[in-house]
Amino acid sequence: MLSPSSASPASSASLPLIPSHLPALGVGLGFREPFRSDLFLHPEAADFLEITADHYFDPTPEKAAELDLLAEHFTLIPHGLNLSLGSADGLDDAYLENFARLIERLDPPWWSEHIAFTRAGGVEIGHLTPLPFTREAVEAFAANVAHVRRRIATPLIIENITFSVHLPGAEMTEAGFVSAVLAATGCGLLLDVTNLHTNCVNHRTDPHAALDQLPLDRVVQLHFTGGHVHRGELIDSHSQPTPPAIWDLLEHVLHRAPVRGVILERDENLPPFAELAAELTRARDLGRRHHRWA
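For the sequence shown, our numbering begins at 171 and goes up steadily by one.
If you are wondering where the hints come from, they were derived from the structure by calculation, not from laboratory data.
Take these hints with a grain of salt, some might be off.
Estimated spans, in silico, between C-beta atoms of each pair [claimed, not checked]: (1) 382 to 438: 24 to 34 Å; (2) 376 to 231: 25 to 35 Å; (3) 455 to 204: 35 to 45 Å; (4) 410 to 297: 17 to 27 Å; (5) 293 to 461: 42 to 52 Å; (6) 230 to 378: 42 to 52 Å.
The C-beta atom is built at its ideal place from N, Cα and C for all residues, glycine as well.
Produce the complete structure using the sequences and hints provided.
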């Protein structure tokens, strides 16, 4: 993987730190349309919402109205899927411009994307693809983040993803790679606790040891949910209630990291909203126990 030639990452000493004034948002939900009515019937259930940014680029009148309605009642955090920050051939500036306009419209305290790439050689891959755990990949990622910052000043936080196979040529562990990317970019971490657990189960490593290798002082937000097992592999399908192992990791991180917000993700096998609300309440209580929010 070659670094983009259009930019070079700044030294870590010159990169911005996570702003100390980022608000503590509490516990919220990844917004999905089936939840909309319940959210307005029970607005106390979610302290804030995470929206899929891509759904609101060049929105239809209906989607624009939905966005305005949500923004009127909740703090919204845009979460991107296809910026492809790990692409060796640089970024799609049209996509970046769409993202920038959405952020300007919402004025969120932060926004998020993935430590991944979704495009290579001009081809859309169609899913989040892991990067090789190499210094060259770190440099490419940092160059793309520097490009993004020239257009979007709002703090960016980046999320760890799941992966099925280790790419050849790795020079560090997953935790080491994530740490190197954070150091090179100055970004905050969106720590997906379920993704970390999933990778550790599938690759037979210790999730608590992985947490110990991460700079937990960079954590801004968490994701959590439950998945399922398919042919002996744990799948991050966002389809099940949060299992005990994830709750244990979630509390471990809330105890150690300066978490500003936690998001429950659920996309498949949707339960009654009361079950989601109960998980949000449990997570909120954990955060209060560790003095992350009032």
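So, going through the hints one by one against the coordinates:
The beta-carbon spacing between residue 382 and residue 438, approximately 32 Å, falls within the hinted interval of 24 to 34 Å. For the hinted restraint 25 to 35 Å between residue 376 and residue 231, the CB-CB distance of approximately 50 Å leaves it violated. Distance hint check: the CB atoms of residue 455 and residue 204 are about 25 Å apart, inconsistent with the given range 35 to 45 Å. Against the hinted window of 17 to 27 Å, the Cβ-Cβ separation of residue 410 and residue 297 comes to about 21 Å, which satisfies the hint.
A hinted range of 42 to 52 Å for the beta carbons of residue 293 and residue 461 is consistent with their spacing of about 47 Å. For the pair residue 230 and residue 378, the beta carbons lie near 46 Å from each other, so the given range of 42 to 52 Å is met.
Of the numbered hints listed earlier, those contradicted by the structure are 2, 3.
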